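**Q** Each chain, written out:
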Amino acid sequence: MVRLKSRYLLCEVNVSDRSQLLLLDDRAIMVAVKAAVARTHGDYGAAMCSIRFCVKYLNAHTGIVFLRFPKSCYKLLWSALPFITSVETRGQKIPCFLNCLHVGGTIRTCQKFLIRYNTQQLHRMLPKCKSEEEKRQVRKAILSCSLTESKEAFEEDSESEEEEEEEE
Amino acid sequence: MKQVEEKEEASVYQRVVLKNASPYHYLKVRLVLEDESTRLSAVELKYFIITGLKSLYGEVGAALNFDVLKYDEDTLTAFLRVYSRSLVKLWSSLTLLGSYQNKACAFRVLQVSPFLLALTGNSRDLQLD
Chain A
1 MVRLKSRYLL CEVNVSDRSQ LLLLDDRAIM VAVKAAVART HGDYGAAMCS
51 IRFCVKYLNA HTGIVFLRFP KSCYKLLWSA LPFITSVETR GQKIPCFLNC
101 LHVGGTIRTC QKFLIRYNTQ QLHRMLPKCK SEEEKRQVRK AILSCSLTES
151 KEAFEEDSES EEEEEEEE
Chain B
169 MKQVEEKEEA SVYQRVVLKN ASPYHYLKVR LVLEDESTRL SAVELKYFII
219 TGLKSLYGEV GAALNFDVLK YDEDTLTAFL RVYSRSLVKL WSSLTLLGSY
269 QNKACAFRVL QVSPFLLALT GNSRDLQLD
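Residue numbers (the working numbering), protein chains in the order written: chain A, 1 to 168; chain B, 169 to 297.
Note that these hints are calculated values from the structure, not bench results. Quick caveat: nothing in here was measured; it's all calculated off a predicted structure. Hints are supplied without guarantee of correctness; some may be wrong.
As the list claims (entries may be wrong) - A partial selection of chain B residues facing chain A, derived with a Cβ cut-off under 7 Å:
#1 Tyr192
#2 Leu224
#3 Glu227
#4 Val228
Unchecked claim - Computed spacing ranges between beta-carbons, pair by pair:
#5 Lys271/B / Glu88/A: 32 to 38 Å
#6 Leu237/B / Arg3/A: 46 to 52 Å
#7 Val2/A / Asp242/B: 54 to 60 Å
#8 Ser223/B / Ser86/A: 43 to 49 Å
#9 Phe216/B / Thr106/A: 42 to 48 Å
Glycine included, each C-beta is placed from N, C-alpha and C at the ideal position.
Generate the whole structure from the sequences, applying the supplied hints.
**A** In structure tokens form, the structure reads like this:
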């Protein structure tokens with residue numbers, strides 16, 4: 001059985017100013033990663049990046065991004081990610097850094113990890129909630145976390161998590 | 169290094185294989201330029217090789233440690249020393265280095281060996297009369 005294997009890197013984009021997070025789009029992240037790889041690993045890295053690299057998923061509300069790399073060279077390209085200092089989008093340079101949370105062989109395993117990670121974040125937020133209303137909403141979000149066929153389910157949880165963080 | 173033992177009267181053929189014997193690899197290279205009259209100093213040569221590494225392998229490649237042990241300015245021949253793990257990267261970037269100051273150039277790699285002593289003799293230059 002011959003199968004093209006890839007590695008999916010689950011990364012979190014950290015920006016200092018939360019409102020700028022919404023301006024991100026996948027094309028901008030792709031350009032930023034390619035530029036960083038070309039700077040760090042030269043023509044050799046840029047060629048490896050062109051084989052099967054793409055941004056599979058980007059959530060602008062929470063800053064979660066899935067990057068796909070080929071299995072044979074993902075470690076080299078992963079080593080170039082800490083050199084990304086800013087993402088250029090719509091004429092603005094947003095200073096940020098990419099934090100890698102998980103490496104998975106398929107999108108499904110990354111999705112499962114993301115749901116577990118989001119539930120942990122919600123659990124961590126619960127003691128920090130100020131009002132009863134927020135506590136109720138967070139508990140409801142935790143209970144509704146589950147793996148369904150569409151990605152909308154955990155996108156909603158992430159959005160409610162983001163709203164909770166903003167209300168704090 | 170293993171000692172070759174003499175058995176009785178007849179000398180026994182013994183093959184000694186050394187793997188990863190030396191931490192360094194030594195290269196003898198010559199730079200061939202289109203314009204014969206240009207002269208490079210040793211520092212310029214080292215910088216030129218670093219720019220080649222940088223274009224092919226990026227910042228990580230440009231950080232590879234290599235030394236120019238001896239340099240002959242008239243024939244543009246140099247002895248380079250590099251760690252064995254970086255040999256492939258250095259050699260491939262020397263191969264793909266094509267132009268010096270917008271003029272065509274080429275690196276001819278004459279000899280490569282893990283031992284410096286091996287670079288003194290060359291069977292290609294041997295005169296058999």
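**Q** State the violated hints by number, sorted upward, taking the hints as numbered earlier in the document.
**A** Of the numbered hints given earlier, those the structure breaks are 1 and 8, listed in rising order.
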